[in-house]
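> Required output: the full structure, derived from the provided sequences and hints.
The lines below spell out each chain.
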Amino acid sequence: EPEVTQTPSHQVTQMGQEVILRCVPISNHLYFYWYRQILGQKVEFLVSFYNNEISEKSEIFDDQFSVERPDGSNFTLKIRSTKLEDSAMYFCASSSGLDEQFFGPGTRLTVL
Amino acid sequence: DQQVKQNSPSLSVQEGRISILNCDYTNSMFDYFLWYKKYPAEGPTFLISISSIKDKNEDGRFTVFLNKSAKHLSLHIVPSQPGDSAVYFCAASAGGNKLVFGAGTILRVKS
Numbered sequence: 001e002p003e004v005t006q007t008p009s010h011q012v013t014q015m016g017q018e019v020i021l022r023c024v025p026i027s028n029h030l031y032f033y034w035y036r037q038i039l040g041q042k043v044e045f046l047v048s049f050y051n052n053e054i055s056e057k058s059e060i061f062d063d064q065f066s067v068e069r070p071d072g073s074n075f076t077l078k079i080r081s082t083k084l085e086d087s088a089m090y091f092c093a094s095s096s097g098l099d100e101q102f103f104g105p106g107t108r109l110t111v112l
Numbered sequence: 113d114q115q116v117k118q119n120s121p122s123l124s125v126q127e128g129r130i131s132i133l134n135c136d137y138t139n140s141m142f143d144y145f146l147w148y149k150k151y152p153a154e155g156p157t158f159l160i161s162i163s164s165i166k167d168k169n170e171d172g173r174f175t176v177f178l179n180k181s182a183k184h185l186s187l188h189i190v191p192s193q194p195g196d197s198a199v200y201f202c203a204a205s206a207g208g209n210k211l212v213f214g215a216g217t218i219l220r221v222k223s
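Line by line, the protein sequences are chains B and F. If you're matching positions, the first sequence starts at 1 in my numbering and goes up one per residue. If you're matching positions, the second sequence starts at 113 in my numbering and goes up one per residue.
Misleading hints may appear alongside valid ones.
Claimed, not checked - Now the stretches of chain B that chain F is said to cover, found in silico as 3 or more residues with beta-carbon under 8 Å:
(1) 58-72
(2) 94-101
(3) 104-112
Derived by calculation from the structure, the hints in this document are not laboratory data. Glycine included, C-beta positions come from ideal geometry on N, C-alpha and C.
Here it is as structure tokens:
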């Protein structure tokens, strides 16, 4: 069964450093998303991406964040200068249309 | 952001019985609703969804009911199995692709 994969599973970084989280969506899906879940809080939408551009983003997704689909399979989330409050689980998701989204296992980001 | 609420933090059910998980929403623009199941250290797994034009959708042991006038949906699991023990999230979208999640309900199925 096709699935969304994410790497790394755990990333530890120093405050102020840049991190890139990687995702391989399901191959025939056209819509890609990033969500995050801070410990003890709800899963929050960050950004959606379709046809090589951002289709929607939340208030959280400020200038420190960017997304890219560098090739036909990968979808990345970059945080330019990490803050302590960026520590969270980051989930990538994909969908074939505006319907069910399928999530990856997540990357745990720890900012020290 | 309290647009999607799951007011029960946890639920405990005996194996073989029915589990009923509830979700309320406030945004009348929501037109698509989903339930996800999540185990620790894993991503949310899609379970079942329902469009606002329906009031019921069934898939095996899982049934979702939507009451638009009450802005309420529920997930029924019959019969409940120990492997169903997980966190269940309700999510909703409003004509687009952004999902708004509830806080989750921990379901424990006792054998």
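> If a hint holds in the structure, say so; if it doesn't, say that too.
Comparing the hints with the structure gives:
Counting residues of the region 58-72 of chain B whose C-beta lies closer than 8 Å to any C-beta of chain F gives 1; at least three are required, and the coverage claim is violated. Counting residues of the region 94-101 of chain B whose beta carbon lies closer than 8 Å to any beta carbon of chain F gives 5, which reaches the threshold of three, so the coverage claim holds. Counting residues of the region 104-112 of chain B whose beta carbon lies closer than 8 Å to any beta carbon of chain F gives 3, which reaches the threshold of three, so the coverage claim holds.
Hint violations for this structure: number 1 only, all remaining hints satisfied.
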